[in-house]
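2 protein chains.
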Amino acid sequence: MKYSNFFIPTFRENPSDAKIKSHVLMIKSGMIKQETSGIYSWLPLGFKVLKKIIKIIEDMHESNGINQILMPTIQGADIWKISERYDTYGKEMLRIIDRNNKELLYGPTNEEMITAIGKHFIKSHKNLPRYFFHIQSKFRDEIRPRFGVMRAREFLMKDAYSFDKDEKSGELTYENFFKLYLSIFDKLGLKIIPVRAPSGEIGGNLSHEFHLLLETGESKIFIDENFLKNNFSDFKISEIKSINSFTDELYESLNINQSFTQLKSTELGHIFLFGTKYSKSFDFKIDYENDKIFPYMGSYGIGISRIPAAIIESSNDDNGIIWPKEVSPFDIVLINLISNNESTVSFCEDLYSQLKAKNYDVLLDDRAERPGIKFSDADLIGIPIQIIVGKNFVDSKKIGVKTRKNLNEDTVYSDNIIEFIKQMDI
Amino acid sequence: MKYSNFFIPTFRENPSDAKIKSHVLMIKSGMIKQETSGIYSWLPLGFKVLKKIIKIIEDMHESNGINQILMPTIQGADIWKISERYDTYGKEMLRIIDRNNKELLYGPTNEEMITAIGKHFIKSHKNLPRYFFHIQSKFRDEIRPRFGVMRAREFLMKDAYSFDKDEKSGELTYENFFKLYLSIFDKLGLKIIPVRAPSGEIGGNLSHEFHLLLETGESKIFIDENFLKNNFSDFKISEIKSINSFTDELYESLNINQSFTQLKSTELGHIFLFGTKYSKSFDFKIDYENDKIFPYMGSYGIGISRIPAAIIESSNDDNGIIWPKEVSPFDIVLINLISNNESTVSFCEDLYSQLKAKNYDVLLDDRAERPGIKFSDADLIGIPIQIIVGKNFVDSKKIGVKTRKNLNEDTVYSDNIIEFIKQMDI
Numbered sequence: 008m009k010y011s012n013f014f015i016p017t018f019r020e021n022p023s024d025a026k027i028k029s030h031v032l033m034i035k036s037g038m039i040k041q042e043t044s045g046i047y048s049w050l051p052l053g054f055k056v057l058k059k060i061i062k063i064i065e066d067m068h069e070s071n072g073i074n075q076i077l078m079p080t081i082q083g084a085d086i087w088k089i090s091e092r093y094d095t096y097g098k099e100m101l102r103i104i105d106r107n108n109k110e111l112l113y114g115p116t117n118e119e120m121i122t123a124i125g126k127h128f129i130k131s132h133k134n135l136p137r138y139f140f141h142i143q144s145k146f147r148d149e150i151r152p153r154f155g156v157m158r159a160r161e162f163l164m165k166d167a168y169s170f171d172k173d174e175k176s177g178e179l180t181y182e183n184f185f186k187l188y189l190s191i192f193d194k195l196g197l198k199i200i201p202v203r204a205p206s207g208e209i210g211g212n213l214s215h216e217f218h219l220l221l222e223t224g225e226s227k228i229f230i231d232e233n234f235l236k237n238n239f240s241d242f243k244i245s246e247i248k249s250i251n252s253f254t255d256e257l258y259e260s261l262n263i264n265q266s267f268t269q270l271k272s273t274e275l276g277h278i279f280l281f282g283t284k285y286s287k288s289f290d291f292k293i294d295y296e297n298d299k300i301f302p303y304m305g306s307y308g309i310g311i312s313r314i315p316a317a318i319i320e321s322s323n324d325d326n327g328i329i330w331p332k333e334v335s336p337f338d339i340v341l342i343n344l345i346s347n348n349e350s351t352v353s354f355c356e357d358l359y360s361q362l363k364a365k366n367y368d369v370l371l372d373d374r375a376e377r378p379g380i381k382f383s384d385a386d387l388i389g390i391p392i393q394i395i396v397g398k399n400f401v402d403s404k405k406i407g408v409k410t411r412k413n414l415n416e417d418t419v420y421s422d423n424i425i426e427f428i429k430q431m432d433i
Numbered sequence: 008m009k010y011s012n013f014f015i016p017t018f019r020e021n022p023s024d025a026k027i028k029s030h031v032l033m034i035k036s037g038m039i040k041q042e043t044s045g046i047y048s049w050l051p052l053g054f055k056v057l058k059k060i061i062k063i064i065e066d067m068h069e070s071n072g073i074n075q076i077l078m079p080t081i082q083g084a085d086i087w088k089i090s091e092r093y094d095t096y097g098k099e100m101l102r103i104i105d106r107n108n109k110e111l112l113y114g115p116t117n118e119e120m121i122t123a124i125g126k127h128f129i130k131s132h133k134n135l136p137r138y139f140f141h142i143q144s145k146f147r148d149e150i151r152p153r154f155g156v157m158r159a160r161e162f163l164m165k166d167a168y169s170f171d172k173d174e175k176s177g178e179l180t181y182e183n184f185f186k187l188y189l190s191i192f193d194k195l196g197l198k199i200i201p202v203r204a205p206s207g208e209i210g211g212n213l214s215h216e217f218h219l220l221l222e223t224g225e226s227k228i229f230i231d232e233n234f235l236k237n238n239f240s241d242f243k244i245s246e247i248k249s250i251n252s253f254t255d256e257l258y259e260s261l262n263i264n265q266s267f268t269q270l271k272s273t274e275l276g277h278i279f280l281f282g283t284k285y286s287k288s289f290d291f292k293i294d295y296e297n298d299k300i301f302p303y304m305g306s307y308g309i310g311i312s313r314i315p316a317a318i319i320e321s322s323n324d325d326n327g328i329i330w331p332k333e334v335s336p337f338d339i340v341l342i343n344l345i346s347n348n349e350s351t352v353s354f355c356e357d358l359y360s361q362l363k364a365k366n367y368d369v370l371l372d373d374r375a376e377r378p379g380i381k382f383s384d385a386d387l388i389g390i391p392i393q394i395i396v397g398k399n400f401v402d403s404k405k406i407g408v409k410t411r412k413n414l415n416e417d418t419v420y421s422d423n424i425i426e427f428i429k430q431m432d433i
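Here the protein sequences come in this chain order: P and D.
If you count the first sequence from 1, you need to add 7 to reach my numbering.
If you count the second sequence from 1, you need to add 7 to reach my numbering.
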């Protein structure tokens with residue numbers, strides 16, 4: 008992609024209304040624009056990051072046998088009356104009346120709809136277990152949306168749902184989702200702490216949240232001092248159930264005697280094994296050994312549009328964002344410092360093609376801007392590798408290679424550049 | 008993907024409420040499920056088709072330098088009051104009041120929002136031209152939603168928007184989108200007829216729709232007899248403007264003397280060059296040669312979720328769907344007729360891996376179902392190539408290869424199967 012053709016409207020000044028670093032940097036790097044309170048557009052750079060995150064989540068769900076579907080954003084109120092959540096969900100639910108005076112709502116979550124889908128299609132235990140996920144916009148009418156996409160009203164969520172024949176099979180599914188979540192966050196470069204959580208209005212009695220430690224986080228979690236030494240991905244369901252970490256809500260309700268360390272964090276995922284709560288209220292029964300049973304269900308959410316902000320919040324410096332390789336919008340920014348010089352232009356065009364042929368995703372800064380602007384934009388948008396082609400190249404075929412995370416710069420002969428990039432540890 | 012793990016809930020009976028073939032077949036093949044009037048879920052098979060279509064549209068937009076963004080579904084009413092469309096848009100607009108009594112709406116289209124984005128970020132003609140697209144759910148509160156996803160209330164749309172410095176540059180952009188649309192529909196295997204259209208409430212005086220001829224189509228178009236001989240993709244803007252085909256609405260308003268052929272069709276795309284209508288109402292000015300000018304704008308829509316239905320409507324037989332290769336959910340269905348036989352199981356598993364390694368997208372029907380069910384499901388879901396492994400394989404290493412579009416079946420020795428598939432013309 009050429010910078011001149013890829014719209015990255017960067018700003019020099021800090022936005023006045025942004026209170027945390029990630030919100031400031033997402034505005035300054037032209038990733039997002041607020042449309043109205045708590046509602047954002049994702050601009051090309053922001054959307055490219057979002058797509059990389061979505062791709063990772065989709066692939067890892069698919070390779071775990073979880074089928075992708077797409078449920079609509081708008082739901083009929085009728086199914087929420089069946090589960091009796093229409094009244095209990097509270098004012099966060101965006102209620103809508105259509106032109107025929109029918110009650111609709113913008114889905115804040117989809118337990119009711121997936122139960123209705125299950126009831127419609129699944130008739131026998133032979134069809135179980137079944138796992139579905141979808142990635143769709145959700146709306147929760149927060150009273151105080153803030154911190155940019157970290158706490159928005161309209162946001163993108165991955166929600167998955169499971170149908171099992173009984174509690175034992177449901178717990179195995181829950182264990183697998185628990186591990187899948189750890190590997191997804193690991194792949195995204197995020198050190199995540201799983202904590203036991205209350206089930207709240209979703210229901211059931213087994214629930215965990217996945218938290219990222221952040222000074223600016225709005226959540227508090229309580230953990231045992233020895234807790235972080237664990238490798239949670241080895242855990243069996245019994246260990247998952249008794250894991251020694253808690254959300255503040257659960258911690259306060261438990262009245263625990265032991266002393267726990269309190270940390271600030273942000274919630275990125277939440278899983279629930281709620282059992283037969285919805286299959287019972289929908290009277291969703293399936294055939295099982297000459298009997299009829301209520302399938303055992305769970306739901307598993309990841310707040311996708313919050314992830315870029317969480318990554319930035321934990322990975323930045325005074326110059327801007329530092330993207331981990333896996334979710335960086337580009338692998339390399341190739342900066343031509345002298346955009347009106349024939350030799351740098353043709354070298355950069357050629358290198359750009361070569362790198363693309365080797366499957367690097369490259370942003371070629373071909374703009375007619377001052378070097379200072381190109382340098383500060385490159386640091387701000389935070390792509391892991393910067394290749395700098397300027398006077399040194401014209402004079403002596405030498406180019407700069409800067410690693411964004413530590414700002415180290417190496418000088419490399421232009422003939423060796425591809426080899427050099429290949430061995431870089433970013 | 009193994010059939011046992013990919014959820015395709017097929018039905019034998021015709022659904023009572025479906026009036027057109029595509030709606031019948033999408034229900035019977037388990038592609039979609041209605042949630043409430045005009046609102047659908049896409050099940051795994053349906054969503055896989057949708058994703059293939061989305062990928063084609065995304066790639067072709069990107070290779071034309073059109074930047075992908077994501078605008079939200081919910082918009083503030085304020086921007087629609089600026090353009091004065093809040094009142095004129097009519098009851099199709101789904102109006103919403105949030106918990107703070109602020110007026111919101113579910114976007115039926117995004118001209119207002121993209122103009123606000125343009126005004127916020129684009130300050131100079133040096134930033135033009137700029138093209139953006141996004142793929143997002145839209146809502147239009149149809150009084151009579153019908154024909155499944157063909158005329159839904161919530162639907163997926165690709166909408167693109169252009170900013171140019173003047174009319175001439177805007178017309179060049181319009182010409183490029185016109186040609187891009189023809190190549191997208193061509194790639195999707197659809198024979199599309201461009202017709203001149205009135206601009207309606209979007210505004211401006213240059214607009215075309217892209218129609219698929221369909222007996223069950225709800226639209227009427229009027230064309231000159233010689234019209235279909237044209238290669239529209241060679242057309243320049245003057246020819247595009249004077250193209251001899253019309254929507255019924257435009258045809259009736261023009262009072263044309265010449266006789267035209269009337270055909271039934273379905274609209275899949277609509278483009279508008281509306282000029283400065285929105286930039287003026289938003290007072291969006293940019294610097295241009297010591298002056299301030301209003302950018303010249305256009306918008307370009309494709310009804311994505313209508314496309315699978317349109318394809319099915321024009322490509323089916325009594326047995327079910329016939330997917331064109333480009334958008335088929337899978338390339339090949341590999342049917343193991345004897346799922347409890349060791350030699351067919353191991354052959355199918357092995358062939359499945361080999362085909363996947365050659366980048367074929369394969370559905371392996373490993374279910375413990377009767378051959379009759381496997382055959383009728385394979386015909387119903389319409390994957391181009393069926394590989395049939397049964398008694399013939401056990402006896403003499405022979406397998407069947409059926410071409411879905413003409414139901415021809417060849418017998419091939421198992422050793423030659425990969426070579427045979429490679430040379431198939433589907």
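Among these hints, one or two may not hold up.
Copies of the same chain look alike in the list, so a pair counts if it fits in one copy or across any two.
Unchecked claim - Cross-link-like lysine to aspartate or glutamate pairs, in silico, DMTMM-like; alpha carbons within 20 Å at most:
hint: 1; residue 1: K248; residue 2: D298
hint: 2; residue 1: K287; residue 2: E20
hint: 3; residue 1: K62; residue 2: D193
hint: 4; residue 1: K130; residue 2: E376
hint: 5; residue 1: K58; residue 2: E69
hint: 6; residue 1: K332; residue 2: E65
hint: 7; residue 1: K186; residue 2: D66
hint: 8; residue 1: K28; residue 2: E426
hint: 9; residue 1: K363; residue 2: D66
hint: 10; residue 1: K363; residue 2: E69
hint: 11; residue 1: K227; residue 2: E259
hint: 12; residue 1: K58; residue 2: D338
hint: 13; residue 1: K236; residue 2: D94
hint: 14; residue 1: K133; residue 2: D373
hint: 15; residue 1: K287; residue 2: D94
If you are wondering where the hints come from, they were derived from the structure by calculation, not from laboratory data.
Next item on the list: Report the numbers of all earlier hints that the structure fails to satisfy, in ascending order.
Entry: As far as the earlier hints go, 1, 2, 8 and 13 are violated by this structure, in ascending order.
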